[in-house]
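Here the sequence shown is numbered in the working numbering, starting from 1 and rising by one per residue.
Hint data in this document are derived by calculation from the structure and do not stem from the laboratory.
Beta carbons: idealized from backbone N, C-alpha and C, even for Gly.
Heads up, a few of these hints could be off.
Stated by the list, open to error - The following label-pair restraints were derived from C-beta to C-beta distances:
{"no.": "1", "residue 1": "68", "residue 2": "13", "range": "43 to 51 Å"}
{"no.": "2", "residue 1": "28", "residue 2": "101", "range": "44 to 52 Å"}
{"no.": "3", "residue 1": "38", "residue 2": "61", "range": "22 to 30 Å"}
{"no.": "4", "residue 1": "103", "residue 2": "64", "range": "19 to 27 Å"}
{"no.": "5", "residue 1": "98", "residue 2": "58", "range": "44 to 52 Å"}
{"no.": "6", "residue 1": "102", "residue 2": "30", "range": "46 to 54 Å"}
{"no.": "7", "residue 1": "49", "residue 2": "78", "range": "14 to 22 Å"}
{"no.": "8", "residue 1": "20", "residue 2": "54", "range": "39 to 47 Å"}
{"no.": "9", "residue 1": "48", "residue 2": "73", "range": "18 to 26 Å"}
Said to hold, decoys possible - Subject to a maximum C-alpha distance of 27 Å in a straight line, what follows is the list of computed DSSO-like cross-link-like pairs (lysine-lysine):
{"no.": "10", "residue 1": "31", "residue 2": "69"}
{"no.": "11", "residue 1": "58", "residue 2": "77"}
{"no.": "12", "residue 1": "58", "residue 2": "43"}
{"no.": "13", "residue 1": "44", "residue 2": "20"}
{"no.": "14", "residue 1": "31", "residue 2": "20"}
{"no.": "15", "residue 1": "56", "residue 2": "77"}
{"no.": "16", "residue 1": "69", "residue 2": "58"}
{"no.": "17", "residue 1": "56", "residue 2": "31"}
{"no.": "18", "residue 1": "69", "residue 2": "56"}
{"no.": "19", "residue 1": "77", "residue 2": "31"}
{"no.": "20", "residue 1": "44", "residue 2": "63"}
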Amino acid sequence: MLAAGVLNVSCSTQIVNAEKPLADASLQIGKTYTFVLRNGEEKKFRIVSQDGASIKGKDIDDKVYHINKSDIAQVRKPNPLGTAGIIAGGVAAAVLIPAYISNKPVGQ
Numbered sequence: 001m002l003a004a005g006v007l008n009v010s011c012s013t014q015i016v017n018a019e020k021p022l023a024d025a026s027l028q029i030g031k032t033y034t035f036v037l038r039n040g041e042e043k044k045f046r047i048v049s050q051d052g053a054s055i056k057g058k059d060i061d062d063k064v065y066h067i068n069k070s071d072i073a074q075v076r077k078p079n080p081l082g083t084a085g086i087i088a089g090g091v092a093a094a095v096l097i098p099a100y101i102s103n104k105p106v107g108q
């Protein structure tokens with residue numbers, strides 16, 4: 001469970017943070033993002049529409065969200081290729097390291 005949480009956080013790309021301010025072009029309608037608000041709340045949903053001051057969206061359960069852009073501290077988008085790379089590297093290490101240590105070919 002902890003590993004899944006670590007992968008979820010580590011395998012995402014920050015679109016907006018203190019150094020990279022929110023710009024209308026940085027978020028795409030129809031894409032899913034995780035929004036971290038200035039009060040610490042996290043909301044993950046797909047953007048349905050946005051205007052100069054707010055973003056509207058829906059989550060998997062069709063719950064509707066409406067947040068002001070001024071309340072957003074950070075925006076992250078999922079990075080599935082990063083997750084796949086970490087998993088593949090972990091599996092490769094689990095197979096190859098014991099074989100290297102015992103100085104035997106893989107599978108023996």
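Does the structure break any of the earlier hints, and which numbers would those be?
The structure breaks hints 1, 4 and 8; every other hint is satisfied.
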